[in-house]
Amino acid sequence: MFTTTLGEAAQFAGRRFVRVALLPGLVFCSLLVVVALVGGERPPAADLRVWKAQPVEVKALLVGGFLTAVLLVAAVLESAQSALLRCAEGYWGRLADRSLGRFGRRCHRQRLLRTADGPAQLLYPPRSRPHEVRPTRLGNILTAAELYPRLRYGIDAVLVWPRLFPLLPEGLLGALATARADLSALLVRAALSCAFAALGAGYVLVGGGPPALLPGCLWGGVLLAWTSYRGALNTAVVYGQHVRVAFDLHRVDLLEALGEERPPDPEAERERWRRICLFWHRGIPLHHETPPAENPRTAPELPAARTGHGISLTQVTVAAAATAGLVAFWAPYA
Amino acid sequence: MTLDRLPLAPVAPLSEATADGGYVMTVDADGWPTALGRLDSGESGLPPAVLLPAPMTVAALCTGDGLDLLALNPYGALVHDGGRTLGVLEQHTVAAHLVALAARGTLRNDIPAPLDAVLAGAYSTPVARVVCHCGLLTTLTEYDPDFPPVCAGPGPEATPHPLAVRTG
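So the sequences go chain by chain: Y and L.
Numbers 1405 to 1738, taken from the working numbering, label the letters of the first sequence in order.
Numbers -4 to 163, taken from the working numbering, label the letters of the second sequence in order.
Don't take each hint at face value.
Only part of the chain L face toward chain Y is listed, based on derived beta-carbon distances under 8 Å [what the hints assert, rightly or not]:
#: 1; residue: P50
#: 2; residue: D105
#: 3; residue: P107
#: 4; residue: L110
#: 5; residue: T136
Some chain L residues flagged as far from chain Y (calculated, every beta-carbon gap over 12 Å) [said to hold, decoys possible]:
#: 6; residue: G26
#: 7; residue: L64
#: 8; residue: S119
#: 9; residue: P149
#: 10; residue: G163
Don't read these hints as lab results, they were simulated from the structure.
Because the structure is a prediction, the values reported are computed rather than measured.
Virtual Cβ for every residue (Gly too), placed ideally from N, Cα, C.
The shape of chain L in the complex, shown without the other chains (with noise of 0.2 Å):
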């Protein structure tokens, strides 16, 4: 669904707005909207119009980064249309596209747990094969290198020696 198809709010420049307590905004020299806001926002002045292009679908708008871009403006954006202005969409319409869609993303996808990063079943390294500088195949289960195995081949003087495994 675009958002020209959304219900959009009545918006009035501010030279042309009544004290109907409807939305108003202000243009610059070229028409465009600056501000966005309500006439009685007071001494803090309008705050700045955010713009949307009617094309824009909602789904874009809801998992896009322009998303943040509402931030700016508490009423909500204004949604035009090659330069003319359709309309205020308001915080609360997007809020509910957005409530709607994480509940079906929640539903489709879930978020990983850390139990998904683990498999239920048994390892399947076999023992390891490897040959000491003495020359003797030995396997191994595991290798310490700060406490390796004794390895019962030929060392010098004829005694044990630790095992200290050949790079190839």
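So here's chain Y without its partners, still in its complex pose (with noise of 0.2 Å):
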């Protein structure tokens, strides 16, 4: 019985609804009431003499907030999980994109020139684009990804892959999924760790608290995100080289299922899979001529890498976190 129960509990907590969103927010509401009671001016025991001297409807009617509360933040992260890929990848808004976005990918084409071969296919896109390059190393490592097929087979990734998708087999699929939960789970921490950064320590200033609790909110919660954001990338790497599989065994499968034929050689499939993307994308017909080739295209020169350590937007994040920290700390001592 106890083996049943704790294979329930491990399927329920399993779910990726659970894993990806429940769990996180719990944690992230928990650890912000705690916060709440620690980091005011009235001390701890206090707050828990009020507590019990409530009703027990009053009571109840708190606990039910506080699980209201937990499953709101749930769906609100499980809603926006696009998103925030999405910025950690580094589609940011006009104004971030030209200040932190220019830093960032002014950074990691410096990064990529002292990248060696091997690692940089993974990491980074070729060194023959690069315009590809994010302003973070999430969005250079799945952006490597994204441009394989391209520059393999001719195939835009991003338009292709929804097709694509269901005609994968289960085991892939699988990995698939448990790759993109990794690190959609990885990505909710690491925000949810640096919300919890700022507002813990934005109560403790604010609330008059003990002085420590506002560094140890600050330094905690930037060092989880950090490590949260570290772990994501790995789970990228790996989320990307699924990609890259799936692309490599079962694209004809795509094109089986659209009713072409097996092409004879690399370039008659680069050319059938520039119609088909044209005609998806753009609605192109797909029997259109062949216009007369474009003057042929070099790659850009690059310029020599610079030498000693770029300084990445995540390095200056930790900085800003650690300074803050430091003056918020020493500040009421000065």
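Each of the two chains sits in its own frame; use the hints to bring them together as a complex.
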């Protein structure tokens, strides 16, 4: 019976919604409650006395309110997964893209030039396409995976992937789903940690709580966010590999599903995919006449890599958080 | 783990059954079990017996088509080895293993979600370069065959004409 209960508990805890949204939301709300109790001017014992003095109905309402807040946070996290991933990849608004985005792209272009060939293929877009470099490491890892089918087969991965996905075998689907769920879970954890760092530290600052708690919230939250983000980078590499494998092994299945014949050679396959992508994305008839070739393009000349380590957005954020924590800790004693 | 290593409940032929509430089975002329149940099954009689070979593994049972057959008998299935009946594999024993396997499967491989069918990046399809019937090369970002764009090339009577993509 214990094995059955444990198995059922594991099955429940393993569900994607629980892993990605509900559990992180529960931990986040619980930590905020703890900071609210400990980080105010009143000692926690006073709050505990107030709680004990409340009638049962009020306690039930408060607990119900807390659980509702947890479910609300979980629902928001569940629906915001796509937006969170795009934000982590560096698809930002105009203002942020022109400021932080420019800084991040410059940093990562330099890192691309310094990275050895082997790792660079997994971590960055090819050196022949510096305009594809994203401002964040996660964005570069996923862009490298998305560009792979374009480079090898002439396939627009973002356009073709929703059509290819239903044709993939169950084993690969499961691996993709798990990798994507793990990536989402780690990004959610990183986002909630940043939110906790800001909200917790802000509450302690405004509420006049213990000075040591402010850097605790700030540094603890930033440290957890940084470790979660680093975990997400590793998971993104795995996810990217699965995407590459899916195109390598099953792109011909998609052609067969479309009623297309198997292309006789790689050049014919590139031309076939070019026409299919133009038809799907822009409505251009499949059998349009091939226009005269454009002037051949060559890869841009790359500048020499600068010596020394570039500073990334992550390092800037961590440094800012560390400085803010130190200032807030020492300010009362100054 | 094979079925013969699981905890099996004892079963007796109906002709030798005692009134102790254990499992009983009926056999045909060749000695193969045909029904499995309890003495107190009442007027409905014994439900049909499901036979499982002893060398079968639990994983094969829980993930194979044979699992559906267990619905034929509410008590369980008979595990036999070379014509010899070893005992009754009860439903709750199978259920416990199903839950454990399902939990491992859930943790190792998630069920695909609609979000997985979408990559978060940007489209990389370049603008289309097409040749109109008049011979003019044009670049297009989209083409609606019911509302084609105007082609700037020399049409009949030197008037603008709708772009008609030349097919090759």
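Now the hints, each set against the structure:
no.	hint	result
1	P50	24 Å, violated
2	D105	4 Å, holds
3	P107	4 Å, holds
4	L110	6 Å, holds
5	T136	6 Å, holds
6	G26	35 Å, holds
7	L64	22 Å, holds
8	S119	5 Å, violated
9	P149	18 Å, holds
10	G163	4 Å, violated
Checked against the numbered hints given earlier, this structure breaks hints 1, 8 and 10; the rest are met.
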